[in-house]
Amino acid sequence: MAHPGTSRPTGMTRFLENERLLACLLLAPTVVLLGLFIAYPFVMGVWLSLSNTSVGNVGEFVGLKNFIKAWNDSIFQTAFYNTFYYTFWATIFKLVLGMWLALLLNRHFRGKRIVRAAMLLPFIVPTVLSTFAWRWMFDPTFSVLNWLLYQGGFITTKLPFLSDGVYGMWCAIVVNTWRGMPFFAITLLAGLQTISTDLQEAASLDGANGWQRFWHVTWPLLKPVTLVVVVFSVIQTFSDFQLIYVLTGGGPANATHLLATYAYQIGVATGLLGEGAAISLFMLPVLFIVVWLQLRYLRRLEGA
Amino acid sequence: MVIERRWKRWIYFYIPLTIFIIGTLFPFYWMLITATRPDAELYRSWRAANNTPFWTLAPTLEHFRDLMAKTTFPRWLWNTFFIACVSTVISLFCGLLAGYALGRLKFPMAGTIGTSIFVTYLVPPTLLFIPLANIIRTFQLGDTPWALILTYPTFLIPFCTWLLMGYFKTIPKELEECARIDGATRFGAMVRIIFPIAVPGILSAGIFAFTLSWNEFIYALVFLSSPEKKTVPVGVVSELIRGDIYFWGQLMAGALLGSIPVALVYSFFVEYYVTGLTGSVKG
Chain L
1 MAHPGTSRPT GMTRFLENER LLACLLLAPT VVLLGLFIAY PFVMGVWLSL SNTSVGNVGE
61 FVGLKNFIKA WNDSIFQTAF YNTFYYTFWA TIFKLVLGMW LALLLNRHFR GKRIVRAAML
121 LPFIVPTVLS TFAWRWMFDP TFSVLNWLLY QGGFITTKLP FLSDGVYGMW CAIVVNTWRG
181 MPFFAITLLA GLQTISTDLQ EAASLDGANG WQRFWHVTWP LLKPVTLVVV VFSVIQTFSD
241 FQLIYVLTGG GPANATHLLA TYAYQIGVAT GLLGEGAAIS LFMLPVLFIV VWLQLRYLRR
301 LEGA
Chain E
1 MVIERRWKRW IYFYIPLTIF IIGTLFPFYW MLITATRPDA ELYRSWRAAN NTPFWTLAPT
61 LEHFRDLMAK TTFPRWLWNT FFIACVSTVI SLFCGLLAGY ALGRLKFPMA GTIGTSIFVT
121 YLVPPTLLFI PLANIIRTFQ LGDTPWALIL TYPTFLIPFC TWLLMGYFKT IPKELEECAR
181 IDGATRFGAM VRIIFPIAVP GILSAGIFAF TLSWNEFIYA LVFLSSPEKK TVPVGVVSEL
241 IRGDIYFWGQ LMAGALLGSI PVALVYSFFV EYYVTGLTGS VKG
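Taken in order, these protein sequences are the chains called L and E. The working numbering puts the first sequence at residues 1 to 304. The working numbering puts the second sequence at residues 1 to 283.
Calculated directly from the structure, the hints in this document are not laboratory data. Please note: incorrect hints may appear among the correct ones.
Some residues of chain E that are not near chain L, with every Cβ distance over 12 Å (derived) [to be verified]:
(1) Glu174
(2) Pro200
(3) Glu228
Between beta-carbon pairs, the in silico distance windows are [claimed, not checked]:
(4) E:Asp143 with L:Arg299: 48 to 54 Å
(5) E:Phe26 with L:Tyr297: 35 to 41 Å
(6) L:Leu199 with E:Thr170: 23 to 29 Å
(7) L:Gly210 with E:Asp143: 53 to 59 Å
(8) L:Gly210 with E:Ile171: 39 to 45 Å
Derived lysine to aspartate or glutamate pairs resembling EDC-like cross-links, with alpha carbons at most 16 Å apart [said to hold, decoys possible]:
(9) L:Lys158 with L:Asp139
(10) E:Lys106 with E:Asp182
(11) L:Lys112 with E:Asp182
(12) E:Lys229 with E:Asp143
(13) E:Lys106 with E:Glu177
(14) E:Lys173 with L:Glu19
(15) E:Lys70 with E:Glu239
(16) E:Lys70 with E:Glu228
(17) E:Lys229 with E:Glu239
(18) E:Lys106 with L:Glu17
(19) E:Lys106 with L:Glu19
The C-beta atom is built at its ideal place from N, Cα and C for all residues, glycine as well.
Just chain E, with the same shape it has in the complex (with noise of 0.2 Å):
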């Protein structure tokens, strides 16, 4: 161990982690105690004498109770869900398939085929909405949620295929030979020895596409029109506001709201999502 003295420590290591902690979760603590603030609170000038913004000496949940009550926002939760699990099925089907398929078998053009998934991977969407968008429409599928669930696989099995690529090509080619020695089909093999073995690449690739889509915002900006067809995201941004008008409380509420389903995925599998995302840039 490198030792050192004690002052040392805390100038090069409590100090600076804890305003990297304070900076890192104070927007999180400012939501809360926004959206349980009541409005007269809220609204008050910041040379106010009696302004304390960092409590509230009357906290209320009346801005959740509307937020559930009075707008859409349950319905967009349910949205951006059910589009959030579809895809990730889509892209972990798709991805496995194609991991597999680049990571353990032999044939012409397996190089060409995994360079050109690798750089859809790195096609930003904001490159792609507006011939998209077109496309959409001529599909007539514009303003319904296969709009999303199409499209959001096209930046969740790139990634899916090239974790799961990653992940069957450490696994020993012997296990599959076993197997097939003792009369098992190669695709008795992939499905019943391969994929059992990958299940926690499975798992890691599929958490990080999940809160990718939860999380995703331009495609369903663009492709959704009507409130209550929209997901969590876009409906907080484009239906929260009314004219000109913001009602933070709300605002914040739902910010909170429609973070925490992601927040709760990741906090249960912290380590499944830390491998999904490390390689997903190592590959």
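In isolation and in its complexed conformation, chain L is listed as follows (with noise of 0.2 Å):
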């Protein structure tokens, strides 16, 4: 971008000194990234999930039938299903630990700095290569996981882990929560901080215990941050594809398909771009009740 000498008061100074035109000069490129690669896509996939278009084949409109299709079809079901199960799991699991653990990080003790920085871990890793980790630990003959509990006189001979559909489904949402947590208890810890310890105090003065000390004293104060916390994560979680795509890839006999990883294989692996279009707008009702409710709330922040 050319920049305007201040000394010489050229065409292009006065033009930016208007505040509405250098507003549109500075939004510029964003909307057109955005248009070119957010909204027309999104128009497009609404496009192709109403015609027959595969790969190397212009399609032509056939209505809701991909839609139709995809709600007869049992996988789609299956994936259907486990989306919200998968989602719903993770996130309790997510917040409950994160708040645990948030509110140990947020006592002093020695090497706090440290051990804060080594929980964020799991989150700044490659989602995929940890999962790969995960898939080591799970392997049906040398997993270390079956190894500990044998040792520990738990189990007498191996489970299942990604080889059943049900197994490999809470294995997926052990890895989820493992990797979402990080973010939960940061942010979540951000937010204790904000909240002065004198509050704590007088209600231990009154003779309030930890609990009651965090039922009703910490988590209304929490309250406004979980919130945008649980509703980040429900959008990620039920969008998800990496992780399931690389720790069972929605086996064992398409039981662990999610929408996302439905959708890649019938539009990417098998190139039918419509269909695969169509189970993936299936996300799109829970997504925009999520962003809707998001917004919303943001409203009222703003309006108080």
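Hints are included, so try docking the two chains, each in its own frame, into the full complex.
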């Protein structure tokens, strides 16, 4: 971008003095990029979902056929159910454990900074790579977790971690919790640090025990941050792809697919772009509700 | 201070914290131990008497050597680095300008544009990857780094804009007014007065954006196909497994090496990263 000289008032300088024009100019790159790679694909996705397009084959309009086909497809039904199940349980665990960890990290102890930094590692490291480590830990033959449980006397035969649909789903929930919990913990910790310790002490003097102090003092003050974090996490978990793709690949026998992985399988691996687009659009209503809640909440904050 | 007894501190604090630490870090330890273990020891039955799962008697760097010499891994590292840097710079540039406009200028539609940018922030890539793949094909960008450099900003710009907008709002208006009275143009005041003050915010946004693009998976998986053009996450997943055989030593070596750059960036800038992280949600 040309930088106008400050000494000579050129046409460009005068042009930039106009607040509206300057704003337009500053927003232009963002609007163009987001329009081209978010708004346009979105519209195109809706069109694809209403057509029978496949790779190398320009499709024609088929109405809601793709949606109806997906809805009656038993694998889709499993994926649809799994997505909710996965999101629900993973979010609950992340919230509870993240809150607990945040409360622990909010106390004073030696090495606090380094512990806090280390706890964020699962969130920093590429999910795909750490999920591979988990996959190795869940290996059917060489699982270290099976070894530990066996040595501890908890099991006598190996647990079928990833070779059973139900176990597989729970393994994915565990890995997702492991990865997402630090995000909850650190964000909630930031929220906790804004709460004055005077309040805790006052409650303590009034005879409140630890749990009561949390429930009646800390939690109400932490609710706004919690809500925002949960919304973010729900969106990410609901639309998760990479974790399942690496951990189970949707298997065994398509039992652990989520909407995103199934859309990938149909849309990219099989090449049925129309059907794949329709499957991923099934995520939209839930995302829409969540985003709407978030926006309403933000408005209320701004209004207050 | 709330005073508590020593045993209580153990039960309510040290023990849970230790469990959290072990649970969080164990997979990383497991990566390291797997990556440095010779194959003979790696694939030993879990019930074998001489099984020592938690350490190795003959540590080896063989897996790392193979990874660097016999696979295209170094190439993937470079690709990932290049793509992450360029898309971070583009996103920072756009986010800085847009954040300034939304945070400090008055113009009609400011609220609507701000809200739409926020909404795009919440649109997950998995909703758009199929039509985007089509668009990338139409633009003939498939299998080039530009496919990622142009699409990563779609989730980075909204975040950068949002974070920097919040940052700009905290800078007092008087600073800019003083500069304007001293004869600076509006644009000059923005570049010379406001942007330098926002450097910590820019750094936070940049570091967060860099880690996000380093870790991105689905776009890279769908848009790239030649082995030598892939990024680390996609390369490790698709190229290190030959047929159905998993070379776990090499895979874990790849996972470790692919994680180290982001872990390093993060460890140098923990505070900025945390600001970016918490700022990204609070807005």
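Do the hints match the structure? See the list:
1. Glu174: Holds: least Cβ distance 17 Å, greater than 12 Å.
2. Pro200: Non-interface label stands for E:Pro200: nearest chain L Cβ at 16 Å, farther than 12 Å.
3. Glu228: holds, 19 Å
4. E:Asp143 with L:Arg299: 48 to 54 Å: violated, 43 Å
5. E:Phe26 with L:Tyr297: 35 to 41 Å: Holds, at about 37 Å.
6. L:Leu199 with E:Thr170: 23 to 29 Å: For L:Leu199 and E:Thr170 the Cβ distance comes to about 25 Å; the hint holds.
7. L:Gly210 with E:Asp143: 53 to 59 Å: Because 57 Å falls inside the window, the suggested range holds.
8. L:Gly210 with E:Ile171: 39 to 45 Å: holds, 41 Å
9. L:Lys158 with L:Asp139: holds, 10 Å
10. E:Lys106 with E:Asp182: violated, 22 Å
11. L:Lys112 with E:Asp182: Since the Cα atoms of L:Lys112 and E:Asp182 sit roughly 47 Å apart, the hinted pair is violated (cutoff 16 Å).
12. E:Lys229 with E:Asp143: With Cα atoms ~7 Å apart, E:Lys229 and E:Asp143 stay inside 16 Å; holds.
13. E:Lys106 with E:Glu177: holds, 15 Å
14. E:Lys173 with L:Glu19: Distance of about 15 Å is within 16 Å: holds.
15. E:Lys70 with E:Glu239: Holds. E:Lys70 to E:Glu239 sits at ~12 Å (cutoff 16 Å).
16. E:Lys70 with E:Glu228: Given pair E:Lys70, E:Glu228 holds - Cα atoms ~13 Å apart, limit 16 Å.
17. E:Lys229 with E:Glu239: holds, 12 Å
18. E:Lys106 with L:Glu17: holds, 13 Å
19. E:Lys106 with L:Glu19: Holds - the C-alpha atoms of L:Glu19 and E:Lys106 are around 7 Å apart, at most 16 Å.
Consistency with the previously given hints fails for numbers 4, 10 and 11, ordered from lowest to highest.
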